[in-house]
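**Q** Protein chains in written order, with the UniProt record's numbering: chain C, 1 to 158; chain E, 1 to 936.
Hints in this document: simulated from the structure, not taken from any laboratory.
Fair warning: there could be bad hints in the mix.
[Unchecked claim] Pair by pair, the computed Cβ-Cβ distance ranges are:
id, chain 1, residue 1, chain 2, residue 2, range
1, E, K108, C, N93, 30 to 40 Å
2, C, T79, E, A3, 40 to 50 Å
3, E, M13, C, N93, 24 to 34 Å
4, E, P650, C, Y38, 48 to 58 Å
5, E, A114, C, T79, 49 to 59 Å
6, C, K124, E, R121, 55 to 65 Å
7, E, R121, C, R110, 25 to 35 Å
[Said to hold, decoys possible] Straight-line distance between alpha carbons at most 30 Å, and here's what the computed BS3-like set of lysine-lysine pairs gives:
id, chain 1, residue 1, chain 2, residue 2
8, C, K50, E, K167
9, E, K5, C, K106
10, E, K527, E, K167
11, C, K106, E, K527
12, E, K167, C, K106
[As the list claims (entries may be wrong)] Chain C residues, not near chain E, derived (Cβ > 10 Å throughout):
id, residue
13, R28
14, G39
15, R46
16, Y51
17, R62
18, R69
19, P76
20, T79
Think of the CB as a built atom: it goes at the ideal place given N, C-alpha and C, for glycine as much as any other residue.
This is what each chain is made of:
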Amino acid sequence: RYLLCEVNVEDHSRLLQLDDRAVAAAVRAAVARTHGDYGAALCSIRFSVKYLNAHTGIVFLRFPKRCYRLLWSALPFITCIETRGQKIPCFLNCLHVGGTIRTCQKFLIRYNTQQLHRMLPKCKNEEEKRQVQKAILNCTLTRGNKAESEDESESEEE
Amino acid sequence: MSAAKVKMREKKMRNQPSSVQYSASPRHVESSAKHTHTHTHAHQFRTLQMQCRSDYGHLKFRASALLPRSHPSSAGAFATARASEVRTMLKATTKTTGSCHVFGALPKHMRRRAMSHNTKRLPCRLRDVANRMASSKKKKEESKGKSRKARRQHGNLLLEFNRRQRKNKWLETHIWHAKRFHMVKKWGYCLGDRPTYKCYRSSYRAMSSHCLLQDLSYYCCIELQGEEEKLLASLSQLTSKEAGPTFAAALSLSGQRQGSVDVYRAGQYPMQPLGPVTFLWRPRAQGSTHRQLWIWAHPTIKPDLLPELQTVCQCCEAVLPPAAPAVIPTEGVSALEPEPKPEKTPESKQITGTKRKQTFKDASEPSEKKILGDGTRSPTTPVTWKSSSNGIVISDLTMEIVRYRLIGPQSHSVLVETMEAATDCDPSCLWWPEHCKNESKMNLHQQQADVFHLLKGVYSTGELPSGTVLGLTVDDPRLTLPTKKVKALPCVKQEKRRELMLRGAPAHCCQSSLWESSVRDNVTVNKISNKLLNHMRSELLVPGSRLSPTPLQGRVPILLVHQPGKQVGHEMTSWGAGWDLLLPKGWGMAFWVPLVYRGVRIGGLTMSLKHSQNKGAAHFPHDYPDCPAGARFQEEQEAQLLYEFKRYPPAKRNNYIKHGCLAPFCCPWQQLAEEWELILREGGEEREEDRLTQTSTKADAVMEVATPREDVTVTKPPSRVTVLRNKKSLRLLSGWCRPTTSKGQRARRSCGVLPLDRAAMALFLSAHGMSLVWVRLSLLSKGKPELHAMVCVPTAEDLMLCGGGPQEPPHRDHFKSPFRRQKKGSKKEGKESDPAPASEPNSTAPEGPKSSLALPMGLWPDPLPSVTAHCSRVMLGWVTQGDFSLSSGRGEALGLVSVAGLLNTLFNQPAERRGTLLLRNPASLHYRVAKVNLEV
Numbered sequence: 001r002y003l004l005c006e007v008n009v010e011d012h013s014r015l016l017q018l019d020d021r022a023v024a025a026a027v028r029a030a031v032a033r034t035h036g037d038y039g040a041a042l043c044s045i046r047f048s049v050k051y052l053n054a055h056t057g058i059v060f061l062r063f064p065k066r067c068y069r070l071l072w073s074a075l076p077f078i079t080c081i082e083t084r085g086q087k088i089p090c091f092l093n094c095l096h097v098g099g100t101i102r103t104c105q106k107f108l109i110r111y112n113t114q115q116l117h118r119m120l121p122k123c124k125n126e127e128e129k130r131q132v133q134k135a136i137l138n139c140t141l142t143r144g145n146k147a148e149s150e151d152e153s154e155s156e157e158e
Numbered sequence: 001m002s003a004a005k006v007k008m009r010e011k012k013m014r015n016q017p018s019s020v021q022y023s024a025s026p027r028h029v030e031s032s033a034k035h036t037h038t039h040t041h042a043h044q045f046r047t048l049q050m051q052c053r054s055d056y057g058h059l060k061f062r063a064s065a066l067l068p069r070s071h072p073s074s075a076g077a078f079a080t081a082r083a084s085e086v087r088t089m090l091k092a093t094t095k096t097t098g099s100c101h102v103f104g105a106l107p108k109h110m111r112r113r114a115m116s117h118n119t120k121r122l123p124c125r126l127r128d129v130a131n132r133m134a135s136s137k138k139k140k141e142e143s144k145g146k147s148r149k150a151r152r153q154h155g156n157l158l159l160e161f162n163r164r165q166r167k168n169k170w171l172e173t174h175i176w177h178a179k180r181f182h183m184v185k186k187w188g189y190c191l192g193d194r195p196t197y198k199c200y201r202s203s204y205r206a207m208s209s210h211c212l213l214q215d216l217s218y219y220c221c222i223e224l225q226g227e228e229e230k231l232l233a234s235l236s237q238l239t240s241k242e243a244g245p246t247f248a249a250a251l252s253l254s255g256q257r258q259g260s261v262d263v264y265r266a267g268q269y270p271m272q273p274l275g276p277v278t279f280l281w282r283p284r285a286q287g288s289t290h291r292q293l294w295i296w297a298h299p300t301i302k303p304d305l306l307p308e309l310q311t312v313c314q315c316c317e318a319v320l321p322p323a324a325p326a327v328i329p330t331e332g333v334s335a336l337e338p339e340p341k342p343e344k345t346p347e348s349k350q351i352t353g354t355k356r357k358q359t360f361k362d363a364s365e366p367s368e369k370k371i372l373g374d375g376t377r378s379p380t381t382p383v384t385w386k387s388s389s390n391g392i393v394i395s396d397l398t399m400e401i402v403r404y405r406l407i408g409p410q411s412h413s414v415l416v417e418t419m420e421a422a423t424d425c426d427p428s429c430l431w432w433p434e435h436c437k438n439e440s441k442m443n444l445h446q447q448q449a450d451v452f453h454l455l456k457g458v459y460s461t462g463e464l465p466s467g468t469v470l471g472l473t474v475d476d477p478r479l480t481l482p483t484k485k486v487k488a489l490p491c492v493k494q495e496k497r498r499e500l501m502l503r504g505a506p507a508h509c510c511q512s513s514l515w516e517s518s519v520r521d522n523v524t525v526n527k528i529s530n531k532l533l534n535h536m537r538s539e540l541l542v543p544g545s546r547l548s549p550t551p552l553q554g555r556v557p558i559l560l561v562h563q564p565g566k567q568v569g570h571e572m573t574s575w576g577a578g579w580d581l582l583l584p585k586g587w588g589m590a591f592w593v594p595l596v597y598r599g600v601r602i603g604g605l606t607m608s609l610k611h612s613q614n615k616g617a618a619h620f621p622h623d624y625p626d627c628p629a630g631a632r633f634q635e636e637q638e639a640q641l642l643y644e645f646k647r648y649p650p651a652k653r654n655n656y657i658k659h660g661c662l663a664p665f666c667c668p669w670q671q672l673a674e675e676w677e678l679i680l681r682e683g684g685e686e687r688e689e690d691r692l693t694q695t696s697t698k699a700d701a702v703m704e705v706a707t708p709r710e711d712v713t714v715t716k717p718p719s720r721v722t723v724l725r726n727k728k729s730l731r732l733l734s735g736w737c738r739p740t741t742s743k744g745q746r747a748r749r750s751c752g753v754l755p756l757d758r759a760a761m762a763l764f765l766s767a768h769g770m771s772l773v774w775v776r777l778s779l780l781s782k783g784k785p786e787l788h789a790m791v792c793v794p795t796a797e798d799l800m801l802c803g804g805g806p807q808e809p810p811h812r813d814h815f816k817s818p819f820r821r822q823k824k825g826s827k828k829e830g831k832e833s834d835p836a837p838a839s840e841p842n843s844t845a846p847e848g849p850k851s852s853l854a855l856p857m858g859l860w861p862d863p864l865p866s867v868t869a870h871c872s873r874v875m876l877g878w879v880t881q882g883d884f885s886l887s888s889g890r891g892e893a894l895g896l897v898s899v900a901g902l903l904n905t906l907f908n909q910p911a912e913r914r915g916t917l918l919l920r921n922p923a924s925l926h927y928r929v930a931k932v933n934l935e936v
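Start from the sequences, fold in the hints, and give me the full structure.
**A** See the structure below:
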């Protein structure tokens, strides 16, 4: 199972310090703390951090399907992630549980666009508003984008 | 991970998003220096590296755009980050995974193999992408040249056909055959092998009750002209009276009958045969000793026969065709007879036609002439040779005369229905009107027509005396072509049938204008084309009626030659008799289609093999291993069979070693004959010492023989094996083959054959010890003999055994594991002699394990061990043709056995079971009991 989680931190800039190994270590530690050796063992089987975006704090976690509920239950106990000698206080918010990465990706697309749309009315000044609008427009692969990307792929093939 | 795997993975993950993070570890910088973009950020971090794999460019742009002025709480930065993530995710979800095939996008259960080369099997949404991919992948299409319409236009088609005929000769019926037959390229011709439709049984039925048609134009005709005595004197060197009637047989010499003879190299009679030929003398003209002789030979004999004829007749002077620049003066010949010169003209004309086309590419030039006759021969090749000393002229008439063979009891009805004797007409420049002026010739024609009409009243073609010849002139058979296919049926009349049946056609009726090359050419040149004929038909007042004044050109001289059917044996006499139809070249299709419209079946090469097999006659290249052509054929056949054998996967091949079959693909006749000679010699010696029972003696002899065999073959000069063709000896042997009971005894008494005793045997063997003899084997019970089945000697117990046959104990394959063998080499040698099964004498222990590596599994390596003693029953020979015979309802085989072996076997068998042999297929362990028939 793939869990799509969001890392929530107070100070947004500290998010940029995250890396996937730190997240994995934090999850392992939490699981070991809540479920003991059994949990730690389960966690060593198919667990991995598939994707981490340091800007948005989005994480894809892969758990074995057999015991993902057990491991999931440990996630709320993560309060901080230790990276580069610093402790970043945070918590993980699970947004979606998917069978494949693909479904998670699809959900993430929807979620992100939704978030952007929500941001739009809350904008404080004009510049921000313009930026958000631009971002929303960028979200969809327009025809021009598509053609461009296809060209890219073709050139790669050759 | 191998490099390829890395590459594959990279390709697969190309569109997948990678984590976006900043790492500070210097180790990482080095490892991913290529893909990282170093960026300094003064705000909080010392150095941050951004890793990105695929969407490197746009991430970089984003990072550089974002980070310098990124404020943690800036909504704009957050928004751009979100947006870029959405874009990467979108890319990941919409793009197909790495594989370059479009159907990688499909779930596994919807993928089909056929999609990869037929885009129409893909779902619609993927089709155009796949099409684009396929078109970019596909190599440049080869240029098609002309359109189909252009290619099928008559002139272009003809050019194409002529180009294709340059390598292999085409018969006139080639196009007809190519549409219906599997064609094979054999002997320099394109020949129909077998039809594409099922016809095995129906062809047999046609042969035994109606009529089967074959195109035998590929047979080569060699014409000899000269004084009768000189011709006979020269030709007598090639044949011997001992092997049956020769060229000088009275009936054939008069021209009334076609003869057949086995030809040998000059003066070499029992040795070095060339092969069987048929010959036809032109009837004598009044008061002239000048004769004309046609020798018809199989194309594989021709290269040997022609030089032999030239040396025998001392015809070494080649008469060049007139088209060649240097013309040898031919005054002597032209005074003698004007044949060779005009005979050349059509060919030279047609060849110059090709030349002209090649040199001048002129559009106004009329399109090339259709090739008639031999298309492969160059114009300068001499086809005529004359002798300065005795005036004999040899000319090669290959492809000059079309020969069709009709086989079956109703072939005369087909002929009668197809052809009509020529009608009278007014004089003009054509040959027939000229012919009409001559009163005696017209009388002759009338008589020939009468005889031809008499043919209608015959029950079966087999009733006629074999080899009867009838010359005739007929109308163009295209004029009487029925609108629908009708089966020619006989209408029997009693009138003068008896005369015809007893004597055949009278002598003077055998004359035909076909012998005259000038007439042949005239007929060929003046043939009306199909197009013109159809045009004339279309102008008839009543559609479908016959053209009332027959066109002047529509008279064709033909020769009808009766072919004997089964001549030997008691049952099914004269089965497969028929007529041969000889036509001038160019008229092939004009006669072929009307014949086909009379409900005949058409046979190919395989059917002629079956015909001779059912007839109990030897078929030329297959059953003549002693002729050069036969030897060549055997080599080809071996290569072919080996190729087919190797095409099977090794696990599906027959292991012939385990079946105890030494030579499944070729028959070492020479070795067989030598071994039998040796066995008899040793047996004879031993017999003088003490008279033991034969079987044990033989077995001992074999044991002793096998080891010193190599030395014997080395020291002995390789004397060629021959097939016994001496009629007298054959008759003697045939009498000995029969059991002493019932029918056989009567026959023997009447023949007055010597009883088979030791003295007679010794005498016979001294003459023909090394020869083979050609026998017919009919199975007594079940079984279907196959090619190269082994003919073996039954033991005394086998003869007592009734029903079924004995079994061969399975052999052991010593070559199966060569490596293990090599390891245990010395150990095995010792073991081999003692525990080897009784069926396998130690002589069979393989001598050359190294050579076996080259050969595929299941075949014996080249130095074969003793062939006679390899199995539990002593071997006599091999089958050359074998099949279930539809005429006798049992398996029948034709094969060659060693004379020495056969005689020895017969001698040792009890008189009432004499002539019983065993037959075993190469891929079987079961022996079948067979009766040997030697029919003369």
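**Q** Taking the shortest Cβ-to-Cβ distance between R28(C) and chain E, state whether it exceeds 10 Å.
**A** holds, 18 Å
**Q** Does the hinted range 24 to 34 Å hold for M13(E) and N93(C) at CB?
**A** holds, 27 Å
**Q** Can we confirm that no CB of chain E comes within 10 Å of the CB of Y51(C)?
**A** Violated: least Cβ distance 5 Å, not greater than 10 Å.
**Q** Going by Cβ atoms, does R46(C) stay more than 10 Å from chain E at every point?
**A** About 18 Å separates R46(C) from the closest Cβ of chain E, which puts it past 10 Å; holds.
**Q** Take the C-beta atom of P650(E) and the C-beta atom of Y38(C), compute their distance, and say whether it sits inside 48 to 58 Å.
**A** 55 Å Cβ-Cβ, so the 48 to 58 Å window holds.
**Q** Between the beta carbons of K108(E) and N93(C), is the distance compatible with 30 to 40 Å?
**A** holds, 35 Å
**Q** Mind verifying the non-interface call on R69(C)? Its CB should be farther than 10 Å from each CB in chain E.
**A** The claim stands: R69(C) keeps its Cβ more than 10 Å from every Cβ of chain E (closest is about 25 Å).
**Q** Is T79(C) truly not at the interface, in the sense that its beta carbon sits beyond 10 Å from all beta carbons of chain E?
**A** holds, 21 Å
**Q** Mind checking the hinted window 55 to 65 Å against the Cβ distance between K124(C) and R121(E)?
**A** holds, 57 Å
**Q** Could one say that the CB atoms of T79(C) and A3(E) fall in the range 40 to 50 Å?
**A** Holds - the Cβ-Cβ distance for T79(C) and A3(E), about 45 Å, lies within 40 to 50 Å.
**Q** If I claimed the Cβ atoms of R121(E) and R110(C) lie 25 to 35 Å apart, would that claim hold in this structure?
**A** holds, 33 Å
**Q** Please check whether A114(E) and T79(C) have a Cβ separation lying inside 49 to 59 Å.
**A** Given range 49 to 59 Å: holds, Cβ gap about 57 Å.
The structure shown violates the earlier hints numbered 8, 11, 12, 16.
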